[in-house]
Amino acid sequence: MASSAEFDSVVNLRPFPEGGEQLPGQGGDPQAPEVQVVPEPALGSGALPVGSAVVQSEAKERPRAAHPRWIVPAAIAAAGIIAAGSLTYFLVGTTGQRDAARSELASTKVTLASTKTQLATADTQAATNKVVADYVSVYVANSGRVQTDYEQIAACDAYSACRTAAQQLLTDLQAFQAARNAATVPGTLSNSDGMLGDSISAGIAASQEFITGMDNNDATKITDGLTKLDAGMLAMAKAETALGAAIQ
1 MASSAEFDSV
11 VNLRPFPEGG
21 EQLPGQGGDP
31 QAPEVQVVPE
41 PALGSGALPV
51 GSAVVQSEAK
61 ERPRAAHPRW
71 IVPAAIAAAG
81 IIAAGSLTYF
91 LVGTTGQRDA
101 ARSELASTKV
111 TLASTKTQLA
121 TADTQAATNK
131 VVADYVSVYV
141 ANSGRVQTDY
151 EQIAACDAYS
161 ACRTAAQQLL
171 TDLQAFQAAR
181 NAATVPGTLS
191 NSDGMLGDSI
201 SAGIAASQEF
211 ITGMDNNDAT
221 KITDGLTKLD
231 AGMLAMAKAE
241 TALGAAIQ
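For the sequence shown, my numbering assigns the number 1 to the initial residue and increments by one for each residue that follows.
Don't take every hint at face value.
Quick list of the computed label-pair ranges, beta carbon to beta carbon [what the hints assert, rightly or not]:
id, residue 1, residue 2, range
1, 184, 115, 49 to 57 Å
2, 113, 136, 33 to 41 Å
3, 175, 242, 36 to 44 Å
4, 136, 215, 33 to 41 Å
5, 223, 181, 26 to 34 Å
6, 163, 120, 51 to 59 Å
7, 216, 126, 49 to 57 Å
8, 120, 171, 41 to 49 Å
The set of hints was computed from the structure by calculation and includes no laboratory data. We put the beta carbon where it would ideally sit given N, CA and C, even for glycine.
Throw the hints in and build the complete structure from the sequences for me.
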């Protein structure tokens with residue numbers, strides 16, 4: 001088929017004359033699709049029509065331009081630099097917090113050491129106070145009974161009452177001395193405790209002499225026993241005064 005530059009790009013085929021072959025889109029069938037024919041390119045022309053199937057095929061088969069190969073490694077390197085920078089900042093911040101915590105801990109340890117010393121001193125003082133309190137408790141419990149017994153002897157006016165009071169006094173004085181010997185004596189109370197021990201011993205000896213005089217109807221022993229008992233009770237009162245001064 002001949003072509004020219006002026007030839008239309010799309011032409012409609014007309015029916016062949018005198019009952020020639022009828023093609024789709026010709027004649028009286030309006031529903032038949034119209035056939036479009038793409039003309040061959042002009043002779044001597046290297047270009048193909050824009051609508052050419054060959055051009056479209058080449059366009060589809062031509063590979064898409066790829067990104068340069070250096071872009072991916074560069075992106076990875078950039079991500080690594082960012083991550084390294086973030087990690088360094090995090091480590092620097094963490095190290096700073098750790099140093100601050102260590103400094104605070106060191107200061108706290110000094111405070112704790114001082115506190116431990118204070119607690120140890122307070123504990124020692126509390127232990128000492130407990131020893132003192134225990135000793136005073138022993139003294140108060142026993143001295144009260146002894147004082148009551150002595151008052152009974154001073155108030156008695158019959159043999160049986162005086163004999164019973166004297167025996168009770170002797171028993172309580174002996175119990176007092178045993179409790180004092182068993183108690184832990186604080187160092188600050190050693191002087192008053194010595195005085196107390198001597199006064200109790202004197203009271204025990206005086207009570208025994210008084211009882212012996214009464215049992216043997218010996219007026220000398222009765223009188224001497226009562227005199228020594230009074231002296232012993234006076235010595236016990238002086239020991240109590242010294243004890244009170246030592247625990248203040």
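Hints and how they fare:
Between residue 184 and residue 115, the C-beta spacing of about 29 Å breaks the proposed range 49 to 57 Å. For the hinted restraint 33 to 41 Å between residue 113 and residue 136, the CB-CB distance of approximately 35 Å keeps it satisfied. The supplied range of 36 to 44 Å is broken by residue 175 and residue 242, whose beta-carbon atoms lie about 22 Å from each other. The hinted range of 33 to 41 Å is satisfied by residue 136 and residue 215, whose Cβ atoms lie roughly 36 Å apart.
Range check, residue 223 to residue 181: Cβ separation about 31 Å, and the 26 to 34 Å hint holds. In this structure the supplied range 51 to 59 Å holds for residue 163 paired with residue 120, their Cβ-Cβ distance being about 56 Å. With their beta carbons about 53 Å apart, residue 216 and residue 126 fall inside the hinted range of 49 to 57 Å. Residue 120 and residue 171 have their C-beta atoms about 44 Å apart, which keeps the hinted 41 to 49 Å range intact.
The earlier numbered hints that this structure contradicts are 1, 3.
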